[in-house]
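K.L.:
Taken in sequence, the protein lines are chains A and B. Residue 8 is where the first sequence starts when you use my numbering, and the numbers rise one by one after that. Residue 24 is where the second sequence starts when you use my numbering, and the numbers rise one by one after that.
No wet-lab data here; the hints were simulated from the structure. Among the hints, a few may not be true.
Simulated restraints, written as ranges between beta carbons of each label pair [stated by the list, open to error]:
| # | chain 1 | residue 1 | chain 2 | residue 2 | range |
| --- | --- | --- | --- | --- | --- |
| 1 | A | 59 | B | 38 | 58 to 68 Å |
| 2 | A | 230 | B | 78 | 52 to 62 Å |
| 3 | A | 29 | B | 128 | 22 to 32 Å |
So these bits of chain B aren't anywhere near chain A, every CB distance computed over 10 Å [unchecked claim]:
| # | residue |
| --- | --- |
| 4 | 40 |
| 5 | 75 |
| 6 | 127 |
Glycine is no exception: its CB is placed at the ideal position from the N, C-alpha and C atoms.
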Amino acid sequence: MTTLTTQNPNDNYLNHTKGIKSWLFTLDHKRIGVMYLVCVLLAFLLGGIFAMMIRFQLLTPEGTFMTQDQYNQAFTVHGAVMVFLVIIPAVPAALGNFVLPIMLGAKDVAFPKLNLFSWYLWIFGLVFFLIALGAGGIDTGWTFYTPYSIDKASSMGGVIPALIGAFVLGFSSIFTGMNFIVTIHRLRPKGMTWFRMPLFLWATYATAIIQVLATPVIGITLLLLIVERSVGIGIFDPAMGGDPVLYQHFFWFYSHPAVYIMILPAMGVVSELISVHSHRHIFGYKFIAYSSISIAMFGFLVWGHHMFTSGQSALMNIIFSLITFSVSIPSAVKVFNWLATLYKGSISLNTPMLYGLSFIFIFSIGGLTGLHLATLATDIHLHDSYFVVAHFHYVMMGSALIGFLGGIHHWWPKMTGKMYHENWGRVSAILVFIGFNITFFSQFMMGSKGMPRRYATYVEMPEFQIYHIWSTAGSVILAVGFVICAIYLLHSVFAGKKAPANPWGGRSLEWQCPSPPPWDNFPEQPEVGDCYDYSVLEWNEEEQGYDWRKDAVHPGDEQKA
Amino acid sequence: MSNTDSSHHDDQIGHIVPIKFLIFICCILLFLTAVTVWVSRYDFTEINIAEMGIILALAVATVKATIVGLYFMHLRWDRAFVGFIFVGSILFVVLFIGIALTDTMEYQPSIIKGDTPKVSDAMDLLKH
Ligand code: HEM
Ligand SMILES: [Cu+2]
Numbered sequence: 008m009t010t011l012t013t014q015n016p017n018d019n020y021l022n023h024t025k026g027i028k029s030w031l032f033t034l035d036h037k038r039i040g041v042m043y044l045v046c047v048l049l050a051f052l053l054g055g056i057f058a059m060m061i062r063f064q065l066l067t068p069e070g071t072f073m074t075q076d077q078y079n080q081a082f083t084v085h086g087a088v089m090v091f092l093v094i095i096p097a098v099p100a101a102l103g104n105f106v107l108p109i110m111l112g113a114k115d116v117a118f119p120k121l122n123l124f125s126w127y128l129w130i131f132g133l134v135f136f137l138i139a140l141g142a143g144g145i146d147t148g149w150t151f152y153t154p155y156s157i158d159k160a161s162s163m164g165g166v167i168p169a170l171i172g173a174f175v176l177g178f179s180s181i182f183t184g185m186n187f188i189v190t191i192h193r194l195r196p197k198g199m200t201w202f203r204m205p206l207f208l209w210a211t212y213a214t215a216i217i218q219v220l221a222t223p224v225i226g227i228t229l230l231l232l233i234v235e236r237s238v239g240i241g242i243f244d245p246a247m248g249g250d251p252v253l254y255q256h257f258f259w260f261y262s263h264p265a266v267y268i269m270i271l272p273a274m275g276v277v278s279e280l281i282s283v284h285s286h287r288h289i290f291g292y293k294f295i296a297y298s299s300i301s302i303a304m305f306g307f308l309v310w311g312h313h314m315f316t317s318g319q320s321a322l323m324n325i326i327f328s329l330i331t332f333s334v335s336i337p338s339a340v341k342v343f344n345w346l347a348t349l350y351k352g353s354i355s356l357n358t359p360m361l362y363g364l365s366f367i368f369i370f371s372i373g374g375l376t377g378l379h380l381a382t383l384a385t386d387i388h389l390h391d392s393y394f395v396v397a398h399f400h401y402v403m404m405g406s407a408l409i410g411f412l413g414g415i416h417h418w419w420p421k422m423t424g425k426m427y428h429e430n431w432g433r434v435s436a437i438l439v440f441i442g443f444n445i446t447f448f449s450q451f452m453m454g455s456k457g458m459p460r461r462y463a464t465y466v467e468m469p470e471f472q473i474y475h476i477w478s479t480a481g482s483v484i485l486a487v488g489f490v491i492c493a494i495y496l497l498h499s500v501f502a503g504k505k506a507p508a509n510p511w512g513g514r515s516l517e518w519q520c521p522s523p524p525p526w527d528n529f530p531e532q533p534e535v536g537d538c539y540d541y542s543v544l545e546w547n548e549e550e551q552g553y554d555w556r557k558d559a560v561h562p563g564d565e566q567k568a
Numbered sequence: 024m025s026n027t028d029s030s031h032h033d034d035q036i037g038h039i040v041p042i043k044f045l046i047f048i049c050c051i052l053l054f055l056t057a058v059t060v061w062v063s064r065y066d067f068t069e070i071n072i073a074e075m076g077i078i079l080a081l082a083v084a085t086v087k088a089t090i091v092g093l094y095f096m097h098l099r100w101d102r103a104f105v106g107f108i109f110v111g112s113i114l115f116v117v118l119f120i121g122i123a124l125t126d127t128m129e130y131q132p133s134i135i136k137g138d139t140p141k142v143s144d145a146m147d148l149l150k151h
């Protein structure tokens, strides 16, 4: 990278250097972010195809087109792809890489080469997943539970490549997290104090801590599983004195914190969306910031709530149930502060805001149903039913993924320099919201009535068919929403209107550099102020964007939070 | 960890330790290794604490790990915050292993023996 400052106003990170190699070997955080974005979205398409296969299989009690084995494979691949390849890297690696250094006022992340390496690791992870599909498939479920996953006679041949894939993806995630921690500690420019950082940065920081602390544990666990399956060391196999429940401890010690790796950055995105698009100072900044950190800490102490029916001891069940309840406090703190931010704001109901509002609505349901599952007595009935499936889709898809989509729409003009078609954006956001709720609310209903998860057929229980029909119908609406979204986003890249530097009226630093940003982000050091004080901005009709006000701020002109 | 033109802080070079001192530390470590070997030869059943061998070996190992952390990893001269992170991560591992093992001990009595012959054979073997 050279230190060329951008004299040419048309020079930006997209056209600064040309050719495929200039992308594959780039050290620029913005390009790496875009490469992540493209890959993650393609993986989302792959996982989505399997999702639709599952939904169509369940249209009739006898199953429509898959055998039991094929069905097991379909939900395993769907789950593993969506968790490891899509949601975990989605916000931090794709959006975070692009936005984080610019928001911070830095020129890049602390370790650009490590950053590129982590993208290649993601690709390797994908390759191993594909090898797993070729090597006989995988049917253990995304959790790789023992004893099934170590039983070579009954589980399929792709288990080891899939485990290696998840292991490699873990490293990709650790490197991203490490990079972000060091970047936030070391590369903050003058004036960017901890409490001036946009909340998205607090959220990615909290996420990065979890990534660095928890992911090594899943790495070791997967390695142990590989060794157990291939040579039989007897750590999880009871026939050799091992303990299959121990595997669940190891797995969930990572995977519960991992659900916060998914949701925290999305919450960070939503904090930005809600404040910017209601043009109102974020309410309770410090509470939101600290709640991210406390979610990250508490998140480590609740993993046993996935094991209430596994034979876990009564003592641990009670402790884990109690602590799980307390995690919902910081989550609720966030929701209330977002609502207070909206109150009396001048809300623009544009596409990013619709996603932000969807998030609040859906996350509230998802989080609250977590409490039913955290209650020992009710979980006996609900565990391994469609209620759990609905719960985690409300939080992983309805919240984490919707937050990701909101972030894509919010920063799309910045990333591509183009505006997408606003009305199509709204149509698609509303279709996604409606489709999502039809698909998964029906699953809460059938789950609470006893429909088990992971069944390919339900011949003995035809009364559940009506719920499955609703659910499949909803998933079609959802798919239509996503297809529309893909079309107008692609269209905007080629034919969209040119985006102004600040289309929404945001105050954080990324809105102070041109869209798309120049190669080195800021030709000169930007001024850092209160990134949620919008009173200094005004709409500029000519630019179709927001500008700094010429006159000084009139106190009392706008209410400040 | 060279980076591009992005770094605003000069990378100051850390504290430098004279090589003689490092060799001295290395000798201490080797001496402690010898202690571990030496301890392993004794049979502590005479004084009625059969586990004494393991306890001593682990105590020596802890001292060694501390020395490595303090001197080879420069924690002694680094900011206190780095030491805090180091100790914090150890506590974190203790928490994880502690809870997982407590649970394993707790549910032993509720395991239904003899469910599968292979498993009960293995468990009998373990109990001698
Ligand atoms: C906010 C409060 C939350 C509480 C109290 C909570 C509680 C629970 C409990 C008790 C279970 C176990 C249910 C069972 O298997 O019987 C569960 C499952 C699950 N939760 Fe949550 N949860 C919360 C938020 C989240 C979030 C934010 C995510 C992800 C972004 C998430 C993802 C999951 C997943 C993936 C599973 C099921 C995994 C599987 O068995 O395949 N949860 N939740
Ligand atoms: Cu959990």
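K.L.:
Would you mind marking each hint as holding or not holding in the structure?
P.N.:
Evaluation of the provided hints:
Against the hinted window of 58 to 68 Å, the Cβ-Cβ separation of residue 59/A and residue 38/B comes to about 59 Å, which satisfies the hint. At about 29 Å, the beta-carbon gap between residue 230/A and residue 78/B misses the expected band of 52 to 62 Å. Range check, residue 29/A to residue 128/B: about 58 Å between beta-carbon atoms, so the 22 to 32 Å window is missed. Against the 10 Å criterion, residue 40/B stays outside the reach of chain A, whose nearest CB is about 24 Å from its own CB.
The claim that residue 75/B lies off the interface holds: its Cβ sits roughly 26 Å from the closest Cβ of chain A, which is beyond the 10 Å cut-off. At roughly 6 Å from the closest C-beta of chain A, the C-beta of residue 127/B falls inside 10 Å, breaking its exclusion from the interface.
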